[in-house]
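Enquirer: Given the coordinates of chain A, work out where chain B should sit on it, guided by the hints.
First to last, the sequence lines map onto chains A and B. For the first sequence, numbering that gives the first Met the number 0 assigns the number 0 to the initial residue and increments by one for each residue that follows. For the second sequence, numbering that gives the first Met the number 0 assigns the number 0 to the initial residue and increments by one for each residue that follows.
To be clear, the hints were calculated from the coordinates, so they are not data collected in a lab. Watch out, some of these pointers could steer you wrong.
Just the calculated beta-carbon pair ranges, DEER-fashion [said to hold, decoys possible]:
hint: 1; chain 1: B; residue 1: Lys-214; chain 2: A; residue 2: Gln-174; range: 53 to 61 angstroms
hint: 2; chain 1: A; residue 1: Asn-74; chain 2: B; residue 2: Glu-59; range: 53 to 61 angstroms
hint: 3; chain 1: A; residue 1: Asp-25; chain 2: B; residue 2: Arg-172; range: 42 to 50 angstroms
hint: 4; chain 1: A; residue 1: Ser-235; chain 2: B; residue 2: Gly-173; range: 31 to 39 angstroms
hint: 5; chain 1: A; residue 1: Asn-74; chain 2: B; residue 2: Asp-142; range: 53 to 61 angstroms
hint: 6; chain 1: B; residue 1: Gln-168; chain 2: A; residue 2: Asp-68; range: 26 to 34 angstroms
hint: 7; chain 1: B; residue 1: Asn-138; chain 2: A; residue 2: Ala-75; range: 28 to 36 angstroms
hint: 8; chain 1: A; residue 1: Pro-37; chain 2: B; residue 2: Ile-107; range: 50 to 58 angstroms
hint: 9; chain 1: A; residue 1: Gly-39; chain 2: B; residue 2: Val-198; range: 49 to 57 angstroms
These stretches of chain B come out as covered by chain A in the derived footprint (C-beta under 8 angstroms, 3 or more residues) [unchecked claim]:
hint: 10; stretch: 104 to 111
hint: 11; stretch: 172 to 179
All figures in this text were calculated on a predicted structure; none of them were measured in a lab. The beta-carbon is built from N, C-alpha and C at its ideal position, and this holds for glycine as well.
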Amino acid sequence: MEPIIHIENVHKWFGTVHALQGVNLDILKGQVVVVIGPSGSGKSTLLRCINRLEEFDEGKIIVDGIPLDSAKNINAVRTEVGMVFQSFNLFPHLSVMDNILLAQKVVRKRGQIESENKARFLLEKVGIPDKAKYYPLQLSGGQQQRVAIARALAMDPKIMLFDEPTSALDPEMIQEVLDVMTDLAHEGMTMVVVSHEMGFARAAADRAILMDAGQIIEEAPPEILFTNPKQERTKSFLSKIL
Amino acid sequence: MSSSSYPAPTPKPLISSGKTEKKSRIDPWWGLVAVVVALILILNFSSPDPYNRILVFLQEGIWVTVKITLISFLLVMVLGLFVGLARLSKNTIVRGIATVYVEVIRGIPMMVQIIFWYFASPAIVQQIGTSLNNPALANFRPDGTTMAIFGLTFGYAAYMSEVYRAGIQSISRGQMEAARSLGMTYFQAMRYVILPQAVRVILPPVGNEFITLLKDTALVSAVAVPDMTRRGREFQASTFIIIETWVMVALVYLVMTLLATRLVSWVEKRSKFER
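Just chain A, with the same shape it has in the complex (with noise of 0.2 angstroms):
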């Protein structure tokens, strides 16, 4: 089968930085990756190049069939690819609504009631449909989380990255957050997790990685990788975060 999601000798220098030496990955269809690793051990850098928010230097990233070379084609690979942030970045001048409802008419040409029927069932899904007149500033963070997840899936996108997504949050509203992506694991969805919550890892993910000074270091299906490391490097960063 081919991978949905490769990766092949990718590098990338911040200055002199070399923050990813040479990363190979493929991910198929519907797996859900999650990948841990210490502070400044490349792994949101890896997530961001994916959908090219962050140019690599060396290698190259196929997503979908669809290379990332040019603009035309990186535009295009956003467009199935949903991204979510450890800061939410809601648009916060726009209501929840519209928030959902902005990108599926600029970019997916989608008209008013399609849009809406579209953002409502989503709202439900993520369980806040009574907010969608709110402004995200409103919110508590939990629901900003899950609407900016709403807003993404509101591309149908194919694969779902998510980035630290309940690093920002408080520790009660965590778990609303890891609820909607367990689901959308289990739908099927392909996912790639930068996130150190062992539970969701556990109960969603199909293989984890670690990941230290540019590089990947380990693999394993979580419970493995988590009880039983075979990597000095992964049984010292576990030890630390357990």
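Expert: Below, chain B alone, put in the same frame as chain A:
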């Protein structure tokens, strides 16, 4: 982007009406306007000669000043946006041209720029026209008001571009990233996500630019545009009434800038974000 027919509870309005603010009994700003207007009226009626004569003579000039201010300001807002975006461009050449433009313009006095546009630039066109044997260019003689508006626009757009640039840069990078990750193009993201937020940030400095521009229109009197200052000079020259003329000109400018200040703060209040 309006969404209707939602049976949702009514959230707090995003745009505040500004009515909820407590008003002190005497608004110092209105007090000042009242004093200045009263002063003009008292002068006008207590000694119509020369004050009423001056006012009548200035009248046309007032309209010219208002017209030049408004037209230039509109053009400045548009040109300034494009230059501001060019300054943020990833393209080195585009950014370079915009940077040179801004630095050159900011380094030359506005007065010199206006004189240059009115006297020097037509002369250049005429010389080119003569050497090309093109009578239309050789006899090029632009209208003073047009060149004045051109000079003010070109000069102020450089300052305005910096205002735009600062406003756009004040919006967190995540906003652009979120918009782009949804598949929007750079210009769609600017149009629907970044600029609507940046506008709220830049309103105060834009208001300042507007008031400064209003005052700087007095410079166009140097190139034979019959604005209020020019009319004042003409009146002084023909009547030798000096003090009263310039007291009146100053008072009228003051009323205009005070009203503009209030207009600016009204617009600011209307568009404030409720966070």
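Enquirer: Could you run down the list of hints and mark each one as holding or not?
Expert: Structure-based check of each hint:
Distance hint for Lys-214/B and Gln-174/A: a CB-CB separation of about 59 angstroms, consistent with the stated range 53 to 61 angstroms. About 55 angstroms separates the C-beta atoms of Asn-74/A and Glu-59/B, a value consistent with the hinted range of 53 to 61 angstroms. The hinted range of 42 to 50 angstroms is not satisfied by Asp-25/A and Arg-172/B, whose Cβ atoms lie roughly 30 angstroms apart. The hinted range of 31 to 39 angstroms is satisfied by Ser-235/A and Gly-173/B, whose Cβ atoms lie roughly 32 angstroms apart.
Evaluation of the 53 to 61 angstroms hint for Asn-74/A and Asp-142/B yields a failure: the beta carbon distance comes to about 46 angstroms. Distance hint check: the CB atoms of Gln-168/B and Asp-68/A are about 29 angstroms apart, consistent with the given range 26 to 34 angstroms. A hinted range of 28 to 36 angstroms for the beta carbons of Asn-138/B and Ala-75/A is inconsistent with their spacing of about 55 angstroms. For Pro-37/A and Ile-107/B, the Cβ-Cβ distance of about 54 angstroms falls inside the hinted range of 50 to 58 angstroms, so the restraint holds.
Separation of Gly-39/A from Val-198/B is about 37 angstroms and departs from the stated range, judged on CB atoms against 49 to 57 angstroms. Check on the stretch 104 to 111 of chain B: 0 of its residues sit with their Cβ under 8 angstroms from a Cβ of chain A, so the three-residue criterion for coverage is violated. Proximity of the stretch 172 to 179 of chain B to chain A, defined as three or more residues with a beta carbon under 8 angstroms from a beta carbon of that chain, is established by the 6 residues found.
Hints 3, 5, 7, 9, 10, counting from the list given before, are not met by this structure.
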